[in-house]
Amino acid sequence: MEQSIWGIILMGLHWDAMLLVFLGAVTGMLVGILPGLTATMGIALLVSLTYGLSVVNAFAMMIGLWVGSIFGASRSAILINIPGTPASIATGFDGYPLSKEGLAGHAIGLATVASFAGNLIGVVVLAIAIFPMLELALRFGSFEFFLLAFVGLTMISSISPGSFIKGLLSGSLGFLVAMIGIDPMTGVMRFTYGSVSLATGVSFIPVMIGLFGISEVLVSIGEKYPKLIAEKIGRVIPSFSTIKKQSRLMAETGLLGSIVGALPGVGGEVACLMGYDYAKRRVKNPTRPFGKGADEGIIAPETANNSAIGGAIIPMLTLGIPGDAATAVLLGGFIIHGLEPGPLLLVYHKEFFYLIIIFMLLAGIFMLVFGLSTVRLLSKISVIPEYLLMPIIVVLCVIGSFALHCSIADVHIAFAFGILGYLLRRFGFPLGPLVIGIILGPIADSNLRRSVMLAGDDFFLELFKRPISVVLLLVLILSILSTSARSKGVLIKVWGLFKGVVGKGHLKKE
Amino acid sequence: MERGKGQGHRMDKKQKREIGVGTVFLAFGVYIFYESLTLKGKESLSNSGAFFPLIIASIIILFSIVLLIKPISQALSGEKKVLVSEEPTQSLWKVGIGLMILIAYPILVSNTGFLLATFFFLAVLMYFMKRLRSEEKRERRQKLKEILIILFISFIVAFLVKILFEDLFRIPLP
Numbered sequence: 006m007e008q009s010i011w012g013i014i015l016m017g018l019h020w021d022a023m024l025l026v027f028l029g030a031v032t033g034m035l036v037g038i039l040p041g042l043t044a045t046m047g048i049a050l051l052v053s054l055t056y057g058l059s060v061v062n063a064f065a066m067m068i069g070l071w072v073g074s075i076f077g078a079s080r081s082a083i084l085i086n087i088p089g090t091p092a093s094i095a096t097g098f099d100g101y102p103l104s105k106e107g108l109a110g111h112a113i114g115l116a117t118v119a120s121f122a123g124n125l126i127g128v129v130v131l132a133i134a135i136f137p138m139l140e141l142a143l144r145f146g147s148f149e150f151f152l153l154a155f156v157g158l159t160m161i162s163s164i165s166p167g168s169f170i171k172g173l174l175s176g177s178l179g180f181l182v183a184m185i186g187i188d189p190m191t192g193v194m195r196f197t198y199g200s201v202s203l204a205t206g207v208s209f210i211p212v213m214i215g216l217f218g219i220s221e222v223l224v225s226i227g228e229k230y231p232k233l234i235a236e237k238i239g240r241v242i243p244s245f246s247t248i249k250k251q252s253r254l255m256a257e258t259g260l261l262g263s264i265v266g267a268l269p270g271v272g273g274e275v276a277c278l279m280g281y282d283y284a285k286r287r288v289k290n291p292t293r294p295f296g297k298g299a300d301e302g303i304i305a306p307e308t309a310n311n312s313a314i315g316g317a318i319i320p321m322l323t324l325g326i327p328g329d330a331a332t333a334v335l336l337g338g339f340i341i342h343g344l345e346p347g348p349l350l351l352v353y354h355k356e357f358f359y360l361i362i363i364f365m366l367l368a369g370i371f372m373l374v375f376g377l378s379t380v381r382l383l384s385k386i387s388v389i390p391e392y393l394l395m396p397i398i399v400v401l402c403v404i405g406s407f408a409l410h411c412s413i414a415d416v417h418i419a420f421a422f423g424i425l426g427y428l429l430r431r432f433g434f435p436l437g438p439l440v441i442g443i444i445l446g447p448i449a450d451s452n453l454r455r456s457v458m459l460a461g462d463d464f465f466l467e468l469f470k471r472p473i474s475v476v477l478l479l480v481l482i483l484s485i486l487s488t489s490a491r492s493k494g495v496l497i498k499v500w501g502l503f504k505g506v507v508g509k510g511h512l513k514k515e
Numbered sequence: 006m007e008r009g010k011g012q013g014h015r016m017d018k019k020q021k022r023e024i025g026v027g028t029v030f031l032a033f034g035v036y037i038f039y040e041s042l043t044l045k046g047k048e049s050l051s052n053s054g055a056f057f058p059l060i061i062a063s064i065i066i067l068f069s070i071v072l073l074i075k076p077i078s079q080a081l082s083g084e085k086k087v088l089v090s091e092e093p094t095q096s097l098w099k100v101g102i103g104l105m106i107l108i109a110y111p112i113l114v115s116n117t118g119f120l121l122a123t124f125f126f127l128a129v130l131m132y133f134m135k136r137l138r139s140e141e142k143r144e145r146r147q148k149l150k151e152i153l154i155i156l157f158i159s160f161i162v163a164f165l166v167k168i169l170f171e172d173l174f175r176i177p178l179p
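For the record, the sequence lines run as chains L and V. Here my numbering is used: the first residue of the first sequence is 6, the next is one more, and so on. Here my numbering is used: the first residue of the second sequence is 6, the next is one more, and so on.
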C-alpha cells in the first residue's frame, strides 16, 4: 500500500482519526491521573476494544492513549504524591511540595508544557533516527534477532524493580508462555496438555489484561493507600519568561529521554529518573532546592518521560523489539490488526510511521490545550475513591478479554494471569520482563533455531564473525555486568533513587 | 527487647519465603525440562520444538539455584538480613476474599447474564472494599445509607457499561 505523503497526511487528519486521537488522549489522561491505573493497563484494555475499528483508527486511539496517559500521570504525582504511572515517579519529588503550598496549578502548568516539549522532541528524534535505524535493521539476520531478543530481556530485567535474577526468571516465564501452542517450525504441540483452545497459543490481550488489570485490583484490595485530599490549585499557565528560562533544560532532557527510550527494554520510568538526576547535576541554581519544589525538578522528568515515547517507537517499528511493557502491549495491538512487527513493516507499510508521527503530534497538541484548560476539573478525578474505581476496572477487564474471540475461556485466562501477576508482584518479581518475554519469545525461538540450522557446528564461530552480533553480545554482557556493579556511576544512583521511592511503598506498578 | 525479637523473627520469615520461592521455581524448571524432553520428535534436537523450551528450563533451573544460594548461605551463617520483595505488606485474608468475589463474577455472568451479574458483582466488591478502607464504626443508619449509595452506583455503572459497549461500540458482552 504505497501512498503519497499528502494522502497519508489527509488520512491522519481525517475527522474520525482526529476524534479518536482526542478520545484516546483524554481517556489516557484519565488513566494517567487515576492512581493505580497504568498506561500499560489502559493500552491493554483499549487494544481489546479496537477490533471493530480500521487499523488507522485503532492506531489513532492507541497512540492518543499512550501519549495521554504519560501526560496525565504527572497530575496525581503532583496533587497526591502518587504517580499515575511509574513513568512519572520523579515528578512528585518537587511537584508535591509545591502542591502542599497551594501552588499545584503552577506545578501542573509546568508539567504540561514540559510534557508537550518532550512530545515534540521525541517526534523529532523519531523522525530523524528511524530511517538510519531501519537501514541497520535490514542488515539483521537470525543471529542478530535472537541476540536482540535476549538483550531486550536482559536490559529490562536489569532496570526493573527487585533483583536482576527475579527479572530474568520473570522473563523466562514469559518466554515459556509464548511457547504454548503449535510450534510453527515443526507442528508439534507444546504445553497444550491436549487443550484445543491452547493450540493457537495463549491470546496476548487477555494475558496483559490479567497481568496489569486484575493483579492491580488484587493489590489494591490487599493494601491501604493514604487518604486522598484535594489540594488548592492556584495559577496554572506558566509565564513565557519561565518557559524561556527552562527551554535549554527541556531540550537537553528531551534528547536524553528519547535516547533512553530507544534502548530496548528501557522505558519512561528510567527516562524520568535520569532526567531528574540530570537536572540535579546540571542546574546549579534551581528556583528552589531540589526536593522542595524546584521548577527544574518538574520540567526535567516530565520532558524526559514524554520524549521517551518517541524514542521507544524506534526499536518497536524497526526491529519489532518493544522498549518497555507499554510498547509491548502496543506491539500486541499491531499483531491483532494484522501487522507483523519488524523491519519489513516499515518497508511495506511506511505510511504507519508517518501516521504515528501525525497522531503523536495531534495527541500532544490536544493534551496541551485540554490539559491546561481542565486542570481544576481533572484534579477532582484523581481523588475518586478506589472502592468505586477498582470494581469497574474488573468489569472492563472482563469485557476486554471476552471481546477478542467472544470466548469466556479468554476471561478465565485473564483471571489466571491476574492471579499469577499478583503472586509474582507479591514475591518481588517484576512484570515488565514477563511481558517482554511473551512478545520476544517467538522471535528468540525461531531465530535461534534458524541460526543453528544455518551455521551447524560453526554456530559460535559464525556468531563472532558478524559485527552486529559481536556488538549485541557486548551489550548483552555489559547489561549483565552492570547489575553487579550498581554501586558505581549514574546508573547506580538512578537505581537507588528508584528503589528508594518504590521501597517507601507509595506505589509499585508495572 | 520484644521489638528486637520480632524483627529477628521477621527476617527469618523473609529468608524462608525467599527459599520457598526459589524452590518453587527450581521445581518448575525441572518439570518444564522434563516436559520439554517429551516434545523432541525424530529430528535433531536443535531443529525440534523442544530446543528452546529446554534452554529456557535450564535458565530457570540455573537462576532459581542462584536465587536460593543467598538466603540459604545467610541462614546457615546466622545472618538475618536478606534482600526481598519491596511490595508493601498485603493482607492475605482480604486478597483471598477479594479473589473469591472476582472468581465468582465470570461464573455469575455465565449463569445470570451480564447486566445482573455485573450489578451484583459491583455492589458486593464496592461494599467489601469500602468496609476495608474505613476504620471507624458506623451507625446502622449510616451503613444503610452507604449500602443504598453503592447499590445505586452499581446499577448505574452496570447499565451504562451495557449501553456504551453493546449498543454504542458494538462490542459483544459475555
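Just to be clear, a hint being listed does not mean it is correct.
[Claimed, not checked] Just some of the chain V residues that point at chain L, by a computed CB distance under 10 Å:
(1) 28
(2) 30
(3) 32
(4) 55
(5) 56
(6) 68
(7) 99
(8) 100
(9) 103
(10) 131
(11) 134
Just so you know, the hints here were simulated from the structure itself, not pulled from any lab data. What you are looking at is a predicted structure, and each value in this text was computed from that prediction instead of being measured. Built from N, CA and C at the ideal position, the CB exists for glycine as well.
Checked hints:
no. : hint : verdict
1   : 28   : 12 Å, violated
2   : 30   : 6 Å, holds
3   : 32   : 13 Å, violated
4   : 55   : 8 Å, holds
5   : 56   : 6 Å, holds
6   : 68   : 5 Å, holds
7   : 99   : 5 Å, holds
8   : 100  : 4 Å, holds
9   : 103  : 4 Å, holds
10  : 131  : 5 Å, holds
11  : 134  : 4 Å, holds
When held up to the earlier numbered hints, the structure conflicts with 1, 3 and fits the remainder.
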